[in-house]
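Engineer: Please build the complex by placing chain Z on the supplied structure of chain X, with the hints as guidance.
Taken in sequence, the protein lines are chains X and Z. According to our numbering, the residues represented by the first sequence are 1 to 685, in order. According to our numbering, the residues represented by the second sequence are 1 to 685, in order.
Think of the hints as simulated: they come from the structure by calculation, not from any bench. Heads up, none of these hints are tricks.
Straight-line alpha carbon distances no greater than 20 Å define the calculated EDC-like cross-link-like pairs of lysine to aspartate or glutamate that follow: (1) X:Lys539 - Z:Asp395; (2) Z:Lys539 - X:Glu391; (3) Z:Lys540 - X:Glu391; (4) Z:Lys539 - X:Asp395; (5) X:Lys540 - Z:Glu391; (6) Z:Lys539 - X:Glu550; (7) X:Lys539 - Z:Glu550; (8) Z:Lys623 - Z:Glu682; (9) X:Lys539 - Z:Glu391.
Protein chains: 2
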Amino acid sequence: MRFFVFLISVLFVSSLRAEDGSRLWLRMEQNVKAAEVRVERGTKRTPTIDIAARELENYWKGGCRLSLRVSPDGAARDGFTLRRSGDVVEMSSASDRGVLYAAYTLLRMQQVGDSLREGQVVAETPAYDLRILNHWDNPNGTVERGYAGRSIWKWDELPAKVSPRYEAYARANASVGINGAVLNNVNAKPGMLSSDMLRKVAAIADVLRPYGIRTFLSVNFASPKALGGLSTADPLDADVQKWWADKVAEIYKLVPDFGGFLVKANSEGEPGPQDYGRSHVDGANMLADVLAPHGGLVMWRAFVYQASSPDRACQAYEEFMPLDGQFKDNVIIQVKNGPVDFQPREPFSPLFGAMRHTQVMPEFQVTQEYLGQSIHTVFLATMWKDVLSAETYQDGGLTVGEATLRRTTPKSVTAMAGVSNIGDSENWTGSDMAQANWYAFGRLCWDPEVSAARLADEFLKQTFSADERFVGPMRQVLLRSWEAAVHYMMPYGLHHIFAGNHHYGPEPWYHPGGNIRLDWLPEYYHRADSVGLGFDRTKKGSNGVAQYHEPLATLLGDLRTCPEEYLLWFHHVPWTYVMRNGLTLWDNLCYTYNRGVDEARHFAAVWNEMRPYVDGERFARQKARFDRQAKDAVWWRDACLLYFRQFSGMPLPADCPAPQHRLDDLMKYRLNIDNYTAADMEKLP
Amino acid sequence: MRFFVFLISVLFVSSLRAEDGSRLWLRMEQNVKAAEVRVERGTKRTPTIDIAARELENYWKGGCRLSLRVSPDGAARDGFTLRRSGDVVEMSSASDRGVLYAAYTLLRMQQVGDSLREGQVVAETPAYDLRILNHWDNPNGTVERGYAGRSIWKWDELPAKVSPRYEAYARANASVGINGAVLNNVNAKPGMLSSDMLRKVAAIADVLRPYGIRTFLSVNFASPKALGGLSTADPLDADVQKWWADKVAEIYKLVPDFGGFLVKANSEGEPGPQDYGRSHVDGANMLADVLAPHGGLVMWRAFVYQASSPDRACQAYEEFMPLDGQFKDNVIIQVKNGPVDFQPREPFSPLFGAMRHTQVMPEFQVTQEYLGQSIHTVFLATMWKDVLSAETYQDGGLTVGEATLRRTTPKSVTAMAGVSNIGDSENWTGSDMAQANWYAFGRLCWDPEVSAARLADEFLKQTFSADERFVGPMRQVLLRSWEAAVHYMMPYGLHHIFAGNHHYGPEPWYHPGGNIRLDWLPEYYHRADSVGLGFDRTKKGSNGVAQYHEPLATLLGDLRTCPEEYLLWFHHVPWTYVMRNGLTLWDNLCYTYNRGVDEARHFAAVWNEMRPYVDGERFARQKARFDRQAKDAVWWRDACLLYFRQFSGMPLPADCPAPQHRLDDLMKYRLNIDNYTAADMEKLP
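Isolated chain X, as found in the complex (with noise of 0.2 Å):
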């Protein structure tokens, strides 16, 4: 019940304030009088139950009476069976998660207007497993590409005091049926896993336990030395190893149902097994040897690329492909969505499709480090089933979500991973339109069948208005975002030529001189010289082409074929190079640079229009966001073509508009903010 306490009165101080987009999507208005819920006989009333019950008692409006049952013979893993029958609306399940879900499914239906008529069934079963959020907070309150404030994770409070903010989030991410979260950055610091910490942690896994939401954590793989004063991290090692066990025997006395460890190891500078002469296997397989025996998990990330390597984009697949088949049953390796670094648009990464004997899950950005952080509204949704959908043609016939979704073995777990956007501000997200990227994340998780068209209809319909001349306009334009942001940072495959650090802006020219990595400029990704644009990846480059099952390869590989939203990708293209319409790459860059503005500049033209249905809070915030996100497309435009002449040596079309800066105005121009900080919208050019 004391969950509830919080709960209400959150939601009470939360409709007398002004609109600060708190609320999220759970907008359900209290019911006067408590609807009829019943729990039936033989059902034992957890805390999850009371919250599924006390949810519908609040705020179900729909007449009938509820019949909450945990029963054996309900739906397992998560699911549940919704069934109206005369008067009564029976939600079952296997666990009483099962019946929390049910319980949200049941008030989203009635929020976004959904009947559930006499006799109908409603029967779900999430497609993954684990629907988890990963969090790059920082023990410090920073979080690492944060734009939404400090972490939500008052450390220094904890445990003594949790904020309701614990429970208000833990509630909207079962709400989406959202059931795990890694609470600390995957640049994780060894001091992360002593004794202190942990109790802070067992006080919100204690909050997050009764929404269906188990935790984990990030862990540094040094912390045997670094924290436990051993000698050595080698995985191998008997000490290392009594290190691990006791302090996972530790975590769970404090947490009974630790959900395991998330490892960034040999990436970017952070601890791995490498650094013993180890492998990934030998690293991850130690720490799965010691979660075994509670249940726990190992998801270790596929994000490397050795500074040495000639391209960064083949680095995780040769590094991890021969290691496939040694992974324990309770390893999955966490594969970012594409192979370099969740760019605007890459393809997705060729480990989805080859590694046949080893569990992968995708990990996907909900914040948006490469996509206008929180100003520019663009909706994920699009992307991640572009990614999912994508053919990888193993075995005459595999998308990446079915490789993911594809158990190796009996016991292996299928997940998928989001980093999270949320922080600390008011409306937990910075923008009150990226909520929507948490809430389809979720969303996806539990059925990455439903259409990114849905859930924008979803969640507009929940968050902002119902009204069809709200929500008509404004899901189009959630749908169109993608692509649109594409158009004026990076089309045709462009990639990572952004601000140097913080991402925040187009720098194709970024160079800060001295000993940095090459794979960490611009110029390595977008190649520009004389003769044209673009990273060769076919058999006359680095052959990143062939890490793809035919007909991908040949199809990638041949400029001719190449799909042509990755062209530059794949291909090192002559500016001359006459695209399919009859265009140069030249001409064709210039105009698609100019359609992404046109469509930011339709975005915000549309949202004016919004003003009728929207709160005059929210509308002037996100109305300040979509202004700011048209002139960053004149700004991504102008800095890119500018910049690019001077290698094409060619003109603006004729019929182009003309640009609006000097390019040396915008090189000269510095945005002074680090890698947990949002950008100052009055600053911008």
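Structural biologist: Frame of chain X, contents of chain Z only:
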């Protein structure tokens, strides 16, 4: 000298007249004092050399002495060398035709502003041996799919009266490298081979010959019966063979350099060898045997589609592939660029990549039957180059262009045909801008590598103005015009949803009733139903994809990898199918039709800015066309979206503009023109 009298009189009169467009791209100002031209000793003064000399004397303004030489060690196959040595420009070739092409090349360089520097050598050989226009002109003066008045050939006046237009036509062709003309429609009347008509043909051939142009005729395969009075036209019948031999001998007596026959047989009701149980090989080889002693060719069209075929697009391949290798050396199979019929965008005909032992030539349509006729500006160089550069994957890699340029025997001839857009209207092509397609067709036959942008530049500078304020924007309009037309007419591989018969404007609902062939109905092609849109040519459908080599067969047959520009050509796609940009097929259709409208309006707006650079007459004529094109784009958009919406059951996206027409009105509208008439711009909806 007779020719020159005509020539000069035409030009003189033109320069006094209002700007009627009759001068095409040949607008050099005549010298007051003739340039110094010397025909070198040993070079015979043929009529062709005389023309070359006179053109240079009249129009070359670059100083230097011009030296013309025909010598056996000069470039062969119509090729030439242009060399500037000090004050002399040497122009040499193994043939007088080569010298004439050198002269036109030099004059073109002058007109477009290319310099000929000291020591510079321009050495050119045309890519295709035969660069031929197909006139679909009927003896009664009509032109099938002609939108520029009536036929230029005044059969009634011939042979007594020879119109000066014939020579102006020959000169225009020579100036762009065209060296062949089929004078009459492929739907040929038997009477075309009457002795009376042949004397008229001879009179035309006499005018064309000095300009290096050989004359060809389309023949009706039943001529021995219909004209000769035989009881059969069976190609294996001795009397038939004799009839043809006699007829051919008669032709060659009149036209010693006669080129040969173009044959449309067993296609759309035309007679052919199959009427007698014989094959295309029997028919073509019989004519080839008859023509061979005279050096004549047979161009045998592969445009066949039996009414009973389950997929019209597969028919040409099915009928011709079994015959590969059986045709005589002097037979060329003439293949339309796509498998259906000159649609706004088609994949290439699989015959190009498939026939290994038979000479094939592409047939392009210069006249804009399906592309807005003489109203819309659609620059076709981009489309033709797209086809020629398409990879067929035959023998490890061969483009369509390479396939048609590969000689199958030492004697075989390479060729490219274009269906002419020429009529007797003053500006030749109905639209002043459509002259660009005649121009570009010739230039591309000569050099398929020259870019569409270069061709647009050349045309605009020579025809309208060399002012970069004109050329810059209008080059871009021309280059973008094809894709724009695809957008507002038939995006994503839609095809043949034109108005019945005349093919101007949209009529996806066209169904006149009665026993019409199913494959003459739009619904045969678009296959709209409640599920989706498009023609299934995958394995589950007609398996048309199997006519392409791997990896194309797999690539095209897989919804996820099929290039989206051909999506509905190869797949029946659900309306809700999510395309690569994250939008459904339906939403993308809506946005793309609107994009086409925006582009057409943009073209009209650009043209409006061109008033300072263009004479008033042509400005006004073209303005009316651009304005009408923009209106037609709206017509297309409304017709297609409103019609298909009946099947999709989905609303237009809320941020799309509302239709300007009602479907009922559009469906009632009939444009009362036939297949020989241009639409009246004033009477369109």
